[in-house]
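Taking the hints into account, I'd like the entire structure generated from these sequences.
Letter by letter, the chains look like this.
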Amino acid sequence: MNIRYFGLEMARQLRNARSLVFTFAVPVAMLLIFGGTYGAQYDSAAHLQWIIVTTVQMGAYGAMMAALAQAFTIVNERSVGWNRQLRITPLSGTGYMITKVSSALAVGLLSIIVVFAVSILALHAHLSVQGWLMAGLGLWAGIIPFALIAVLIGQFAKPSFAQPLFMVTFLGLAILGGLWVPLDILPTWVGNVAQAAPSYWLNKLGQMGAGLTGNIGTPTIVLGAWTLVLAALIAWRYRRDSARA
Amino acid sequence: MTKPAIRLSGLTKKFGSLTAVNNVDLAIEPGEVVALLGPNGAGKSTTIDLLLGLARPTDGSAELFGENPRQAIVTGRVGAMLQGGALLPTTTVRESIALIHALHKHPLSVEEAMERAGVTDLAKQKIASLSGGQMQRARFAVAVVSNPDLLILDEPTAAMDVAARHSFWESMREFTALGKTVVFATHYLDEADTFADRIVIMSQGRIIADGTPSEVKSVVTGRTLSFTLESADTASLERLVAVTHLEQRGNRVSLQSEDSDATLRALLTSYPAATDIEIVSRNMDDAFMALTAASEGASK
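In order, the protein sequence lines correspond to chains A and B.
Everything in the first sequence is counted per the working numbering, starting at 1 for the first residue and increasing by one.
Everything in the second sequence is counted per the working numbering, starting at 1001 for the first residue and increasing by one.
The reader is advised that the hints may include incorrect statements.
Selected chain B positions facing chain A (Cβ under 7 Å, derived; list incomplete) [as the list claims (entries may be wrong)]:
#1 Ile1073
#2 Val1074
#3 Ala1080
#4 Gly1085
#5 Ala1086
#6 Leu1088
#7 Ile1100
#8 Leu1178
Covered by chain B, according to a simulated footprint, are these stretches of chain A (three or more residues, beta-carbon under 8 Å) [what the hints assert, rightly or not]:
#9 8 to 20
#10 88 to 97
#11 204 to 216
Rather than coming from a laboratory, the hints here were simulated on the basis of the structure.
Bear in mind the structure is a predicted one, so any value in this text is a computation, not a measurement.
Where is the CB? At the ideal position from N, CA and C, for every residue including glycine.
Pasting the structure below:
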């Protein structure tokens, strides 16, 4: 990966107002509303204070958004012809995708940090340093498959199709992950389907980190499986595209 | 001996039953400025994609400076302005150049690339706000930032007005003066005539002419003689000495002649009323039409 190109890319993306609203402003606003309302209560299922559970949910939501939003940058760059311009540079196709995944992870990390910081500073959420660190790390590692979903959408979606596809993907994942409303209040079958969703395990991984408890085996296996399958699909699609050229 | 900047050997590209590029052999030496001409669908853009390694040939091969095209791109020896390639609308001119600059190993400075393309004044403008001519100049800056030895330009002056075309070729002259190789595809035959020292004409995927502008123009011999004449008798005009072709538009008649001097004497003897007489050499347009018509005819 080319570090200078990556740096310029990041600077460019962080100036994009629309993505900033979705990746930073929305989760922070929801955190302030829900965290402020129910903060002090205790979530017996997660063995964590509600404020912490909400912070993790919103951190997961923001980071997931940040990762998925890469789909737009890829679709846009492809549709305007920037990718064609990049093909006459030393940047390889693989290098391009690695840059995009790295951007997704970097913006995701930033979003997690912002949400946690707001929770600590504005809502006085209390957790050990180690708890915050592990929660952040869990969320960060957990968004790898989401970055790959973004690359996959970016590979095949046309600009007009990217928006609805993105909305469906993102709403579905947010609901199944229990990032907005607790899964307990939804029908049982939703809860069952959620067991296969990466966002569900993303949230769980964050909660386990925050609580410094639980077996990370299952989330690792599920998220790892998503990562492998998505990476295989991306590689297959990439080979097919370059073979057709 | 230096390796040719471009060597295409038996280059062929098929899309299903359509043969877009048909067994093309071509060698372009360093320092040449070559115009690639041809009607739409002649295979120019496909040839450019193949020689840059952006498409895979069905058969044959393309080499740049004796290496495979990708290698030449990675070392920064090739810059290009391609059809369908574009800059990001939300970035500024400077940012676009800086992004590409960051990817190359031994680039020019961003300032120098902007200077060479004449876009220094536009540095802070958003790509989306540029006019057609400004956009092409910005793309030219992006194409030269790697400090390439070979530039490939696919219709660089399309969508430019006359003044913009003029200043674009001014920048190009400075580039070729450094001894660099340039290959440009164009629809403007006068551009090919003026700026290229070699013209390659493609039609239906094949090269049908290759030579200096004057060599290419020499395929159409003779001159065009035109004049105004009331109620002209076209049948007898066509029988004048050395006339090969007649066209009439209102009172204006133009004759193509193998020997314009002889035709003119005969015309004035038989039709002293002819006025506003003009005699011009046949130009690149005529050569182009003649060559492409001949090649299309031959394949039918």
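Query raised in the report: Which of the listed hints are broken here?
Result: Structure breaks hints 8 and 11.
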